[in-house]
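Novice: Assemble chain B onto chain A, guided by the hints.
The listed protein sequences derive, respectively, from chains A and B.
Count along the first sequence from 1, then add 66; that gives the number in this note's numbering.
Count along the second sequence from 1, then add 442; that gives the number in this note's numbering.
Warning: the hint list may mix true and false statements.
Below are the EDC-like pairs computed for lysine to aspartate or glutamate, each with C-alpha atoms no more than 20 Å apart in a straight line [to be verified]:
1. B:K483 - A:E67
2. B:K484 - A:E75
3. A:K108 - B:E494
4. A:K164 - B:E505
5. B:K456 - A:D68
6. A:K164 - B:D540
7. A:K123 - A:E136
8. A:K164 - A:E75
9. B:K484 - A:E122
10. A:K164 - B:E501
11. A:K145 - A:E124
12. B:K506 - B:E529
13. A:K108 - B:D530
14. A:K164 - B:E529
15. B:K483 - A:E75
16. B:K456 - B:E529
17. A:K129 - A:E111
18. A:K108 - B:E505
19. A:K135 - A:E111
20. B:K508 - B:E529
21. B:K483 - A:E111
22. B:K497 - B:E464
23. B:K483 - A:D148
24. B:K484 - A:E124
25. B:K484 - B:D550
Here's a subset of chain A near chain B, in silico, CB distances under 10 Å, partners left out [to be verified]:
26. F112
27. A155
28. G170
The hints are simulated quantities; they were obtained by calculation from the structure and are not laboratory data.
The structure presented is a predicted model; accordingly, all values stated were derived computationally and were not measured.
By construction, the Cβ of each residue, glycine as well, lies at the ideal position given by its N, Cα and C atoms.
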Amino acid sequence: EDQVTQSPEALRLQEGESSSLNCSYTVSGLRGLFWYRQDPGKGPEFLFTLYSAGEEKEKERLKATLTKKESFLHITAPKPEDSATYLCAAVYAGNNRKLIWGLGTSLAVNP
Amino acid sequence: GAVVSQHPSRVICKSGTSVKIECRSLDFQATTMFWYRQFPKKSLMLMATSNEGSKATYEQGVEKDKFLINHASLTLSTLTVTSAHPEDSSFYICSAADRGNQPQHFGDGTRLSIL
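Bound conformation, chain A alone:
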């Protein structure tokens, strides 16, 4: 069964304490792996797309990487404003562009 699993479910960091969020997937024919950030009461905000194993993308304190089984979102020296829920989603061949979503990691960064 095609599935996306995120861990941990929740993460609390001190400001400046780097860490990584994990997104493992069992999807046949992956066509894209997406990372989003969602703040309470808002729609998801697009962060990155990764298309093939070995690919990396960076934006400010965030870096996303992809292997054949999982993706990591590395957060370097986080700030309180990085607090949000981070969602991972995958799209695979023949699925009419529908996303398979993970349940998200709720990140809290304490000042």
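Specialist: Leaving out everything else, chain B in the frame of chain A:
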């Protein structure tokens, strides 16, 4: 770039009322738009997928006569919740995507409360 505007952001209305939610892609052409529902502390649940000029494809368990979707142009899709009841209260979010495997870009959602 890739801005999606969703309106209204919040609706409170009486049971039996029909409610229309608009989703617009402001700076790109959305060949496909998606409508989601999200419950508290849960992930997004896809309700339907619509391509411009075509009938929407609904997910299993979603009543097409209750949730009417229109995608009349490459920049506008609407979701109408007909004869809404309290159990329809939820957070509804739309997204839009360009061609191929381009990412979906999301609106800010509509909080629907049916009294």
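Novice: Please work out if A:K164 and B:E529 have their alpha carbons no farther apart than 20 Å.
Specialist: This hinted pair is violated, its Cα atoms lying about 25 Å apart.
Novice: Compare the distance between the alpha carbons of B:K483 and A:E111 with 20 Å, and conclude whether the hinted pair is satisfied.
Specialist: holds, 17 Å
Novice: CA of B:K484 to CA of A:E122, is that 20 Å or under?
Specialist: Given pair B:K484, A:E122 is violated - Cα atoms ~28 Å apart, limit 20 Å.
Novice: Should the hint that A:F112 touches chain B count as held when the rule is a Cβ pair under 10 Å?
Specialist: Cβ of A:F112 sits 5 Å from chain B, so the hint holds.
Novice: B:K497 and B:E464: Cα distance at most 20 Å?
Specialist: holds, 17 Å
Novice: Is the hinted pair B:K483 and A:E75 satisfied, with a Cα-Cα distance of at most 20 Å?
Specialist: Holds, at roughly 11 Å.
Novice: When the nearest CB of chain B is found for A:G170, is that gap smaller than 10 Å?
Specialist: holds, 6 Å
Novice: Taken at face value, is the distance from the CA of A:D148 to the CA of B:K483 at most 20 Å?
Specialist: OK: B:K483 and A:D148 at ~18 Å, within 20 Å.
Novice: B:K483 and A:E67 were given as a pair; does the straight-line alpha-carbon distance stay at or below 20 Å?
Specialist: Given that 20 Å is the threshold and the Cα spacing comes to 23 Å, the pair is violated.
Novice: Keeping to a limit of 20 Å between CA atoms, is the pair of A:K164 and B:E505 held or broken?
Specialist: holds, 19 Å
Novice: Would you check the hint for A:K123 and A:E136, treating anything up to 20 Å between C-alpha atoms as holding?
Specialist: Measuring from Cα to Cα gives roughly 15 Å; hence the hint holds.
Novice: Taken at face value, is the distance from the CA of A:E111 to the CA of A:K135 at most 20 Å?
Specialist: violated, 24 Å
Hint violations for this structure: numbers 1, 3, 5, 8, 9, 14, 18, 19, 24, all remaining hints satisfied.
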